[in-house]
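*Asks:* Using the sequences and the accompanying hints, generate a full structural model.
Residue numbers (full-length UniProt numbering): 1 to 92.
Derived by calculation from the structure, the hints in this document are not laboratory data. One or more of the hints may lead you astray.
Computed beta-carbon distance windows for the label pairs [what the hints assert, rightly or not]:
1) I77 to R47: 35 to 45 Å
2) F85 to R49: 39 to 49 Å
3) P83 to A56: 30 to 40 Å
4) T28 to I71: 34 to 44 Å
5) P38 to I82: 48 to 58 Å
6) A41 to L72: 34 to 44 Å
7) R78 to T28: 44 to 54 Å
All figures in this text were calculated on a predicted structure; none of them were measured in a lab. Quick reminder that beta carbons are idealized off the backbone N, C-alpha and C, glycines included.
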Amino acid sequence: MSLAFALAIYFVIWWIVLFAMLPFGVRTAEEAGEEASPGFAESAPQRPRMLPKVIATTLVSAVIFAGVYAILVHHVIRLDDIPFFPRYEKVK
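*Replies:* Quick look at the structure:
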């Protein structure tokens, strides 16, 4: 696996995990018991706490990438191990 391919895979995993993490712990101004600031939507988060979410996203993405790396490079799971994939003969 080349470095560029590994970085591209990690980047995609990181963004997917970030969008999965964004809703956790978000409270609107109404839920927080405060008044919404003028000019903002009522559904806007009061305190989004992005730094902890970015750190958690980086850690979770690293774990997922380690699994993907093991599967791709060390052949932890091969295509022949997946039962519903068709079997092909090797080309001579």
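*Asks:* Return the numbers of the hints above that this structure violates; sort them in rising order.
*Replies:* Hints that this structure does not satisfy do not exist here, as all of them hold.
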